[in-house]
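**Q** The primary structure of each chain is shown beneath.
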Amino acid sequence: MKKLKLVMVGNGMAGVRTLEELLKLTPELYDITVFGAEPYANYNRILLSPVLTGEQTLPEIMLNDVDWYAEHGITLHLGKEVVDIDRGRRIVRAADGTTAEYDRLLLATGSNPFILPVPGKELDGVVTFRDIHDVNTMIDAAANHQHAVVIGGGLLGLEAANGLAARGMKVTVVHLGEWLLDRQLDRTAAAMLQDTLQERGLTFLLQKQTAELVAGSSGRVASVRFKDGEEVPADLVVMAVGIRPNFSLAEQSGIYCDRGIVVNDFMQTFDPRVYAVGECVSHRGVSYGLVAPLFDMAKVVANHLANFGIARYVPAATSTKLKVTGVDLFSAGNFMGGDGHEEITLSDPVGGIYKKLIVKDDKLVGACLYGDTADGGWYFRLIREGHAIHEMREQLMLGEGAIGDVGHAGQNRAMGMSDDAEVCGCNGVCKGSIVKAIQEKGLFTVDEVKKHTKAASSCGSCTGLVEQILINCVGGAADVKPKSEKAICGCTELNHGQVRQAIREQHLTSLADTFTALNWRSMDGCSSCRPAINYYLISSWPGEAKDDPQSRFINERVHANIQKDGTYSVIPRMWGGVTNPSELRRIADVADKYDIPMVKVTGGQRIDLLGVKKEDLPKVWADLDMPSGHAYGKSLRTVKTCVGSEFCRFGTQDSTQMGIDLEHDLFGMWSPAKVKLAVSGCPRNCSEAGIKDVGIIGVDSGWELYIGGNGGIKTEVAEFLCKVKTHDEVMVYSGAFLQLYREEAFYLERTVHYLHRVGMEYIKQRVLADEVGRNELYARLKFALTFEQDPWAERTKGGVARHEFEALSIETVTA
Amino acid sequence: MSRNWKTICQLNDIPAQGARVLKRDDGDDIAIFRTIDDQVFALVDKCPHKGGPLSQGIVSGRTVTCPLHNWNIDLATGQACAPDEGCSGHIPVKLEAGAIFLALD
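Top line first, the protein sequences correspond to chains A and B. Mapping the first sequence onto full-length UniProt numbering, position 700 (from 1) lands on 700, and the numbers just tick up by one. Mapping the second sequence onto full-length UniProt numbering, position 80 (from 1) lands on 80, and the numbers just tick up by one.
A couple of the hints might just be wrong.
[Unchecked claim] Below, in silico cross-link-like pairs of lysine-lysine (DSSO-like), each with a Cα-Cα straight-line distance of 30 Å or less:
id: 1; chain 1: A; residue 1: Lys451; chain 2: A; residue 2: Lys441
id: 2; chain 1: B; residue 1: Lys50; chain 2: A; residue 2: Lys5
id: 3; chain 1: A; residue 1: Lys546; chain 2: A; residue 2: Lys593
id: 4; chain 1: A; residue 1: Lys614; chain 2: B; residue 2: Lys50
id: 5; chain 1: B; residue 1: Lys94; chain 2: A; residue 2: Lys619
id: 6; chain 1: A; residue 1: Lys451; chain 2: B; residue 2: Lys94
id: 7; chain 1: B; residue 1: Lys94; chain 2: A; residue 2: Lys600
id: 8; chain 1: B; residue 1: Lys6; chain 2: A; residue 2: Lys600
id: 9; chain 1: A; residue 1: Lys619; chain 2: B; residue 2: Lys23
id: 10; chain 1: A; residue 1: Lys674; chain 2: B; residue 2: Lys50
id: 11; chain 1: B; residue 1: Lys23; chain 2: A; residue 2: Lys797
id: 12; chain 1: B; residue 1: Lys50; chain 2: A; residue 2: Lys450
id: 13; chain 1: B; residue 1: Lys94; chain 2: A; residue 2: Lys441
id: 14; chain 1: A; residue 1: Lys564; chain 2: B; residue 2: Lys50
id: 15; chain 1: A; residue 1: Lys593; chain 2: B; residue 2: Lys23
id: 16; chain 1: B; residue 1: Lys50; chain 2: A; residue 2: Lys714
id: 17; chain 1: A; residue 1: Lys723; chain 2: B; residue 2: Lys50
[As the list claims (entries may be wrong)] Chain A residues, not near chain B, derived (Cβ > 12 Å throughout):
id: 18; residue: Glu178
id: 19; residue: Leu205
id: 20; residue: Ala222
id: 21; residue: Arg273
id: 22; residue: Ala437
id: 23; residue: Arg530
id: 24; residue: Asp548
id: 25; residue: Phe553
id: 26; residue: Val724
[As the list claims (entries may be wrong)] On the chain B side, residues computed to face chain A include the following (Cβ under 10 Å):
id: 27; residue: Val40
id: 28; residue: Val44
id: 29; residue: Asp45
id: 30; residue: Thr65
id: 31; residue: Gly78
id: 32; residue: Gln79
id: 33; residue: Pro83
In short, the hints are calculated from the structure, not lab data. Glycine included, every Cβ here is placed at the ideal spot set by N, Cα and C.
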């Protein structure tokens, strides 16, 4: 089939990101031609500030060099500005006469800096801060001249001023507003920022309106004169007073524009063959200048250009970050507030910290942080997820503290870490390596950082730190979306919630059906999505959906835990942590017979046999004659117990028996992630029920139930759910919560994270307030468990899959 | 040059999206993979990262994911998928009339 012709006008970040997304979806559909007015391939415009300060160089901020275009067969016309679109004949023409025909046209013409209409604006020495050419002009000026005036005290203006000061110029920032960054900060925070920057040698003139740029004897700009008659010397004037969408080409060619190229939700202009993306568009009357929404748009356009036709652009809250080294400023969402908005502020001018949170209708809608932006990512996620905050309102200002407790020497602020400080204690990755990878490889998401550096790719406890580093490096372009918004994996655009919903609503019962129904991009999924979907299928349709062993991780396929040398560990179940002489004898005999190198007591009150050869597993199970402990699964692990009232002089309840009963009741339960329970017989809580997914504490008058605790990566204290009186109530309430978790949590999401996502209020409503619903949840759990039996006994009796446990050998034939 | 093809097993001895191990006295174990569309591949059963047994990984498309640290290895070449780097040796394999042959030295 003859390829379609796609022409892109503009070669900036939004446009090239669109091409990348398009090539991922359909590498062969188009012959692509790109026109760029600048003489450079695609670079990271966000990082022009560090180039100006000298912290980075141009080659370091290239995102796609010319080789990239060549590799993908893209015809690249650099330094050629398109001046005409003949929509009738579908041809674009550049100033030098180069033409290209198109079947689809993508306009990505970006924006132009706004130039104040004052006399002298065209003088030599007057620049904007938009592209590499501007930066080079500024660097040259800094080498040869002394006085710089930056007009505009917004993010860009301050970054320019900081850069010029770093290059030795005497810089005055002129701002029309009453305070700096008046779109990001309120007066208090702005004053703190101004103090910091003044200490660095910058001068500020606020509420000053520029009247004229005055030329010197050489013809170059020499000073700036204001409306009030004051005049300051200036060998260089940088105008940073905002951007305007660049839509003149579109307008000339008759495409409908209104302060931007008007597009629908599919990023299509009024000419159906012509799409537009990036800063040049006007979507529902709004134009965007931040990278994150532009990247979202890029995905939508790519989806439609690839003829998938299912994506819509929906504006989401955005965040920004001032990229001035040593100054920490982050804002997200609607940080200015207004009618019907509540503000929570923390102001510590001496300590240099200011935080403002904006709440509306019990939801966090905006945040502005100065001096301490460690929780920026968390606030941003809360804003995007939009759930009720009244329960955490008192703690909201204190931040999430989401970073794991261990593995990075207690550091929880990426800003203060030196380059050689270890961020990821699992893989030994230092901050410097992460920063370098982000800058050199042009990374924008935590997932990309994980792939390239391995940081946060094992236990994940440093994910929060990595996220902070990413935000510090690329600011608002950092993609720190909540998991609820992220696609499951590269095989689909859909997120976990959408896939679950589709499986339920469309009654999908197999992986193959799911992939077909949801237009999976890959033939048979990948190692990320297959286990997740397999879980969603069997938990949504118990007894109906067939478990797919090939979509399970090896541990769940062979019911043992793989070790670093390829051997396995075997942990038999000891109900409630209780064993007896006969079991212990069998364990000892098995350890001898199979030459098991280590026998170890686990944290969950049972015994681990380590170093078992795979082919011995079925024999070990048979000889042990004990049920599987499921220590290898996303499933019920243990119910840890204390001694309780049977023996303990303090015990108020029979916690041991309660633990045994719960463990029997929940035996064989698959879940989104591992689930651990504990039962204590009195508030001394010797079974450590406060750090379990479900923790139960016996008191004289009944049982207290706690949920969402976690003792691992980040110690999380379980939250009180309710108090019940009877044994049966403990079963039903615990089971109902776990079933809710099984039905609604995302794969690999622990109870604590599920709880934080949906909120305690919601859990209480479903499990406590709604009695019918509670009983139905518990009934669904019991129904699902009727299909589960002990996997070891099943295999001991019925035999194992030969292919898993028997090796092949060679039989020679001649061919 | 004619290769010394040796019969190893039947296609049906390996589950689709699965693998089996060929033990050898005189060399590394070999993992033989069968994809969902019944293509077969053979690699040295050792991840280039930390030697994990690739035969125990999840097979999807033309890759296998190592069970130890989730490296993705291309079944046809043995190369780790970018940005990881490294290679598990691959062994010539053919499927004829439902039987799987390996060319072993």
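**Q** Against each hint, give a clear statement of whether it holds in the structure.
**A** Right, here's what the structure says about each hint:
1. A:Lys451 <-> A:Lys441: holds, 11 Å
2. B:Lys50 <-> A:Lys5: violated, 46 Å
3. A:Lys546 <-> A:Lys593: violated, 36 Å
4. A:Lys614 <-> B:Lys50: holds, 19 Å
5. B:Lys94 <-> A:Lys619: violated, 34 Å
6. A:Lys451 <-> B:Lys94: Distance ~33 Å between A:Lys451 and B:Lys94 Cα, so the pair is violated.
7. B:Lys94 <-> A:Lys600: violated, 45 Å
8. B:Lys6 <-> A:Lys600: violated, 44 Å
9. A:Lys619 <-> B:Lys23: holds, 20 Å
10. A:Lys674 <-> B:Lys50: Holds: A:Lys674 and B:Lys50 sit about 26 Å apart, inside 30 Å.
11. B:Lys23 <-> A:Lys797: Holds: B:Lys23 and A:Lys797 sit about 27 Å apart, inside 30 Å.
12. B:Lys50 <-> A:Lys450: holds, 18 Å
13. B:Lys94 <-> A:Lys441: violated, 39 Å
14. A:Lys564 <-> B:Lys50: holds, 8 Å
15. A:Lys593 <-> B:Lys23: holds, 23 Å
16. B:Lys50 <-> A:Lys714: holds, 27 Å
17. A:Lys723 <-> B:Lys50: violated, 49 Å
18. Glu178: Answer for A:Glu178: holds, closest chain B Cβ roughly 48 Å.
19. Leu205: Holds, because the least Cβ-Cβ distance between A:Leu205 and chain B comes to about 48 Å, which exceeds 12 Å.
20. Ala222: Given a closest Cβ separation of 52 Å, the condition holds.
21. Arg273: Holds, because the least Cβ-Cβ distance between A:Arg273 and chain B comes to about 34 Å, which exceeds 12 Å.
22. Ala437: Violated: least Cβ distance 9 Å, not greater than 12 Å.
23. Arg530: Violated: least Cβ distance 6 Å, not greater than 12 Å.
24. Asp548: violated, 8 Å
25. Phe553: For A:Phe553, whose nearest Cβ neighbour in chain B is about 7 Å away, the distance does not exceed 12 Å, so it is violated.
26. Val724: The assertion about A:Val724 holds, with a minimum of 41 Å to chain B.
27. Val40: violated, 13 Å
28. Val44: violated, 13 Å
29. Asp45: holds, 9 Å
30. Thr65: holds, 4 Å
31. Gly78: Hint on B:Gly78: violated, closest Cβ of chain A at ~17 Å, above 10 Å.
32. Gln79: Violated - the Cβ of B:Gln79 stays beyond 10 Å from chain A, reaching only about 16 Å at its closest.
33. Pro83: holds, 5 Å
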